[in-house]
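Q: Residues per chain are reported as follows:
2 protein chains.
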Amino acid sequence: MPVEMELRRIIISEIHEQQVIILKELDGDRSFSIQIGIFEATSIDRKIKKIPSPRPLTHDLLCQTIHSLGGELQEIQITQLKEKTYFATLKIGQNGRVVEVDCRPSDAIALAVTMDVPIFVFEDVLNQINEEI
Amino acid sequence: MPVEMELRRIIISEIHEQQVIILKELDGDRSFSIQIGIFEATSIDRKIKKIPSPRPLTHDLLCQTIHSLGGELQEIQITQLKEKTYFATLKIGQNGRVVEVDCRPSDAIALAVTMDVPIFVFEDVLNQINEEI
Chain A
1 MPVEMELRRI
11 IISEIHEQQV
21 IILKELDGDR
31 SFSIQIGIFE
41 ATSIDRKIKK
51 IPSPRPLTHD
61 LLCQTIHSLG
71 GELQEIQITQ
81 LKEKTYFATL
91 KIGQNGRVVE
101 VDCRPSDAIA
111 LAVTMDVPIF
121 VFEDVLNQIN
131 EEI
Chain B
1 MPVEMELRRI
11 IISEIHEQQV
21 IILKELDGDR
31 SFSIQIGIFE
41 ATSIDRKIKK
51 IPSPRPLTHD
61 LLCQTIHSLG
71 GELQEIQITQ
81 LKEKTYFATL
91 KIGQNGRVVE
101 VDCRPSDAIA
111 LAVTMDVPIF
121 VFEDVLNQIN
131 EEI
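So the sequence lines, in the order shown, correspond to chains A and B.
When we follow the working numbering, the leftmost residue of the first sequence carries the number 1, and every step to the right adds one.
When we follow the working numbering, the leftmost residue of the second sequence carries the number 1, and every step to the right adds one.
So here's chain A without its partners, still in its complex pose (with noise of 0.2 Å):
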């Protein structure tokens, strides 16, 4: 079962290059950290803090794009941790039918964060990062 969890922070360090977001559990205390470039840190941090930007930035362009060719983002997936790196899904409903489309979590949670879907990490994924520490 996948398991419902919401962004929590977002650590934006100049000093560093990768960036670091916490997710939560909602109905629940785990909470594990990812690592992400400061491209898709600043992107998820605008979108937070409702920050306007004259024109659409890349991730806008996506949530429009997706919007133009007839699908609608549902829900956002983390579904595996592998060599230290995760991977996500993006479920598209798009006339009836469920397109998914691999990613990475950093553009996943920026587009998850822009168009207001729940994001979801597979119990697998949790249960490593559990054993892992």
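It should be emphasised that the hints constitute simulated quantities derived from the structure, not laboratory data.
Among the hints, erroneous ones may be present.
[Claimed, not checked] Cβ-to-Cβ under 7 Å is the rule here; a few derived chain A residues that face chain B:
#	residue
1	R55
2	L61
3	Q64
4	L69
5	G71
6	Q94
7	V99
8	D107
9	F122
Ideal Cβ placement from N, Cα and C applies to all residues, glycine included.
Given chain A's structure and the hints, the job is docking chain B onto it.
A: For chain B alone, kept in the frame of chain A given last:
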């Protein structure tokens, strides 16, 4: 009539925040430069140099999403220059119709380079640049 142009150069500076791309007319000598952000410049540069990425980057994800939703990028157009800001459009074919999506030239060019489709610039834009020089 839109004029077909090609990406002639990318100038990436680590000192300045704004990077520069230069477009040149395919069947002529007109050329002009556009300032873009470092993220988009790096993305375009990686595409041109065919530097592989272990995970789909944001522009790859955009290409994959268009494809998964039954779309095909046909061309990109730089359509307007207004108060020193360029405007671009993606032209995406889907089920026999053409869908247009408004975007920044940097995203449009990153997609054009990734999906190997033509870059068109409206004659009006070229005229305006020549007047301003």
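Q: Determine for every hint whether it applies to the structure shown.
A: Hints versus structure:
Taken as an interface hint, R55(A) checks out: its beta carbon lies about 5 Å from the nearest beta carbon of chain B, inside 7 Å. At its closest, the beta carbon of L61(A) sits 5 Å from a beta carbon of chain B; the interface hint therefore holds under the 7 Å criterion. Satisfaction of the interface hint for Q64(A) is found here, the shortest Cβ-Cβ separation to chain B being roughly 6 Å, below the 7 Å cut-off. With 7 Å as the threshold, the beta carbon of L69(A) comes within range of chain B, its nearest partner Cβ sitting at about 4 Å, so the hint holds.
Look at G71(A): its Cβ gets to within about 5 Å of chain B, closer than 7 Å, so that hint holds up. Annotation: interface hint on Q94(A) holds; nearest CB of chain B at approximately 6 Å, less than 7 Å. Satisfaction of the interface hint for V99(A) is found here, the shortest Cβ-Cβ separation to chain B being roughly 5 Å, below the 7 Å cut-off. Among the interface hints, the one on D107(A) holds; its C-beta lies about 5 Å from the nearest C-beta in chain B, closer than the 7 Å criterion.
A distance limit of 7 Å between C-beta atoms decides the matter here; for F122(A) the minimum to chain B is near 17 Å, and the interface restraint is violated.
Of the numbered hints listed earlier, the single one contradicted by the structure is hint 9.
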